[in-house]
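Using my numbering, read the sequence shown as starting at 327 and increasing by one per residue.
There could be a bad hint or two in this list.
DMTMM-like, lysine to aspartate or glutamate: derived pairs with alpha carbons at most 20 Å apart [as the list claims (entries may be wrong)]:
1) Lys718 / Glu729
2) Lys439 / Asp697
3) Lys700 / Glu773
4) Lys588 / Glu517
5) Lys354 / Asp863
6) Lys397 / Glu419
7) Lys590 / Glu517
8) Lys439 / Glu698
9) Lys616 / Asp697
10) Lys590 / Glu600
11) Lys616 / Glu563
12) Lys588 / Glu600
13) Lys700 / Asp775
14) Lys397 / Asp589
15) Lys518 / Glu602
16) Lys803 / Glu773
17) Lys354 / Glu371
18) Lys518 / Glu600
19) Lys506 / Glu419
20) Lys616 / Glu729
21) Lys354 / Glu377
Derived CB-CB ranges, DEER-like [to be verified]:
22) Val410 / Phe332: 47 to 53 Å
23) Ile754 / Lys397: 23 to 29 Å
24) Thr848 / Met528: 47 to 53 Å
25) Glu729 / Ile754: 21 to 27 Å
26) Asn406 / Arg812: 51 to 57 Å
Treat the hints as calculated values from the structure; they're not laboratory data.
The model shown is predicted, which means the values in this text are computed figures rather than measured ones.
Built from N, CA and C at the ideal position, the CB exists for glycine as well.
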Amino acid sequence: MTQAIFSTHEVFNQSPPFEDVDLFTLDKPLVEAVAANGGGSAQGELAQFGEQWGSAAMAERGRIANENTPKLRTFDSRGNRRDVVEFHPAYHELMAHSAHAGVHNSTWTAQGKPAGGAAEVVRAAKFYIAAQVETGHLCPITMTRAAVAALASQPDLLARTMPVIATRSYDPSFVPWWEKRGVTLGMGMTEKQGGTDVRANMTRAARDGDAYRITGHKWFMSAPMCDAFLVLAQAEEGLSCFFMPRFAPDGSVNAIRFQRLKDKLGNRSNASSEVEFHGAYAERIGEEGKGIRTIIQMVQLTRQDCAIASAGLMRSGLAHALHHARHRSVFQKHLADQPLMQAVLSDMALHVEATVALVMRLCRAFDRTPDEPKEAAYMRLLTPAIKYWTCKSAPGFLYEAMECLGGNGYVEEGILARHYREAPVNAIWEGSGNVMCLDVLRALSREADAASAILQELAGQTQGLPGASEAVAFIGKAFRRPDSERVARLAVEKLALLAASAALNAVMPRHAELFAATRLATTHAGMYGAVDIAESDMRALLERALPH
327 MTQAIFSTHE VFNQSPPFED VDLFTLDKPL VEAVAANGGG SAQGELAQFG
377 EQWGSAAMAE RGRIANENTP KLRTFDSRGN RRDVVEFHPA YHELMAHSAH
427 AGVHNSTWTA QGKPAGGAAE VVRAAKFYIA AQVETGHLCP ITMTRAAVAA
477 LASQPDLLAR TMPVIATRSY DPSFVPWWEK RGVTLGMGMT EKQGGTDVRA
527 NMTRAARDGD AYRITGHKWF MSAPMCDAFL VLAQAEEGLS CFFMPRFAPD
577 GSVNAIRFQR LKDKLGNRSN ASSEVEFHGA YAERIGEEGK GIRTIIQMVQ
627 LTRQDCAIAS AGLMRSGLAH ALHHARHRSV FQKHLADQPL MQAVLSDMAL
677 HVEATVALVM RLCRAFDRTP DEPKEAAYMR LLTPAIKYWT CKSAPGFLYE
727 AMECLGGNGY VEEGILARHY REAPVNAIWE GSGNVMCLDV LRALSREADA
777 ASAILQELAG QTQGLPGASE AVAFIGKAFR RPDSERVARL AVEKLALLAA
827 SAALNAVMPR HAELFAATRL ATTHAGMYGA VDIAESDMRA LLERALPH
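From just these sequences and the hints, can you work out the full model?
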């Protein structure tokens with residue numbers, strides 16, 4: 327019997343998947359920002375990375391890793407404690423690809439010293455590209471990279487751990503870190519009663535010979551299958567930083583007891599746990615009572631990555647929106663050729679171009695911090711400001727990108743819904759918006775002369791740009807006000823916009839002029855496309871964003 331064929335319609339006028347592309351070479355603002363900040367010699371390496379991460383296979387891994395979320399196995403079938411988290415193989419494949427490319431360690435030498443050159447810029451470009459595909463797995467990647475900065479406060483511990491941190495192997499096996507081909511490191515700071523106020527932590531650390539035993543809890547400890555964690559706990563001399571491995575020196579499983587995994591809005595491929603420590607073995611990092619000073623070295627780097635990841639999410643949103651608009655016809659005309667859509671997309675492209683110029687300029691400051699005090703001051707002042715502006719921009723930007731695709735952007739089969747749910751975490755993790763503003767105020771009070779010099783340098787780099795001189799004057803006055811905390815958000819946003827204008831001016835002066843005219847000289851409407859940009863400039867922005 328012949329099977330009946332039922333057909334009601336033909337599928338057409340749908341954009342093809344944005345896959346099997348080179349995510350580096352297609353991104354002219356990224357290519358130029360990397361070159362402008364010292365990373366030009368790595369273009370071949372980055373193009374290879376961009377092609378790999380732009381593949382359909384990598385996109386599929388990202389989808390599967392988020393649809394098959396981690397599972398906590400607290401006990402085995404006989405009631406024995408296990409405290410392990412199982413991940414889908416797609417997650418492990420993403421981790422392996424990032425580790426092989428050195429995204430977790432390439433800014434350090436094998437001895438744990440800054441690699442120098444343009445290592446931060448080149449590594450940031452990879453992180454930015456990977457974030458466009460899947461960001462959850464980047465949590466342990468960024469923590470592993472950043473932990474080295476804190477471990478430097480304990481040279482003997484750094485010397486023992488660095489050989490296995492420095493490998494480009496990913497080893498997910500649950501065995502002691504010293505038996506592995508490669509390791510990942512996490513962190514545990516916040517507790518139920520304190521959150522951001524880690525000085526309120528109640529977890530205790532008691533001496534046990536040369537080591538410590540830690541008893542207490544952490545309310546939000548991500549990537550629980552890391553091989554060790556940097557943990558804050560109260561010792562005799564006050565809040566201190568500790569290295570807590572999953573296995574004690576005798577090879578037994580350390581007394582780290584996971585209570586449950588968080589059910590999060592986004593970041594679902596990555597497990598985040600609630601955990602208790604029952605006399606868990608740990609070694610001190612740095613001096614007792616100096617825990618915040620020790621771990622802040624790690625936090626500066628994770629904040630940097632929050633900004634890079636947010637920029638990457640926005641770039642992905644723009645690329646998918648523009649790709650769709652070039653293939654989708656409405657009223658007998660491609661969306662990308664319609665003036666109103668051009669206004670929206672070009673305004674979004676301008677935002678991303680300025681953002682990528684800014685984060686790469688920040689990474690150059692991280693590269694040069696060990697040798698140039700001026701760059702170190704830029705890094706300390708601008709890191710919280712850039713994290714504040716970039717991370718808080720991302721959710722609204724990604725909503726606009728979804729709207730460009732209409733219903734196709736809103737469904738879970740596409741990547742933009744996942745990006746949208748992912749975006750808020752970067753503004754929350756490692757210090758929310760108000761904390762970033764307070765950190766800028768703190769940097770200004772501690773290093774007033776250096777901060778003033780940075781502001782004057784930005785003034786020189788933006789000279790002649792619309793609204794720049796007024797922004798410089800406003801920032802200076804706002805931070806000198808006795809009630810500066812009340813206007814801190816406004817001043818910090820202006821500072822980030824000024825720095826973005828300066829960074830973009832070094833790469834693409836005409837677009838820096840457009841950015842300053844629409845962001846510094848006037849308050850941006852908050853709705854992308856509610857700006858007056860000439861048609862020739864719109865076309866130039868869109869062609870740079872995604873060449874035909």
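Hints, one by one, checked against the model:
1. Lys718 / Glu729: holds, 19 Å
2. Lys439 / Asp697: Between Lys439 and Asp697 the Cα gap is close to 13 Å, so the pair holds against 20 Å.
3. Lys700 / Glu773: With Cα atoms ~11 Å apart, Lys700 and Glu773 stay inside 20 Å; holds.
4. Lys588 / Glu517: holds, 14 Å
5. Lys354 / Asp863: OK: Lys354 and Asp863 at ~15 Å, within 20 Å.
6. Lys397 / Glu419: Answer holds: Lys397 to Glu419 is near 17 Å, not above 20 Å.
7. Lys590 / Glu517: Judged against 20 Å, a Cα distance of about 17 Å means the pair holds.
8. Lys439 / Glu698: holds, 16 Å
9. Lys616 / Asp697: Distance ~25 Å between Lys616 and Asp697 Cα, so the pair is violated.
10. Lys590 / Glu600: holds, 13 Å
11. Lys616 / Glu563: holds, 9 Å
12. Lys588 / Glu600: OK: Lys588 and Glu600 at ~7 Å, within 20 Å.
13. Lys700 / Asp775: Holds, at about 11 Å.
14. Lys397 / Asp589: Distance of about 11 Å is within 20 Å: holds.
15. Lys518 / Glu602: Status holds; Cα separation ~12 Å.
16. Lys803 / Glu773: Judged against 20 Å, a Cα distance of about 16 Å means the pair holds.
17. Lys354 / Glu371: holds, 16 Å
18. Lys518 / Glu600: Distance of about 10 Å is within 20 Å: holds.
19. Lys506 / Glu419: holds, 17 Å
20. Lys616 / Glu729: Violated. Lys616 to Glu729 sits at ~48 Å, over the 20 Å cutoff.
21. Lys354 / Glu377: holds, 15 Å
22. Val410 / Phe332: 47 to 53 Å: Cβ of Val410 to Cβ of Phe332: about 48 Å, so the range 47 to 53 Å holds.
23. Ile754 / Lys397: 23 to 29 Å: holds, 24 Å
24. Thr848 / Met528: 47 to 53 Å: holds, 49 Å
25. Glu729 / Ile754: 21 to 27 Å: holds, 24 Å
26. Asn406 / Arg812: 51 to 57 Å: Given about 56 Å between the Cβ atoms, the range holds.
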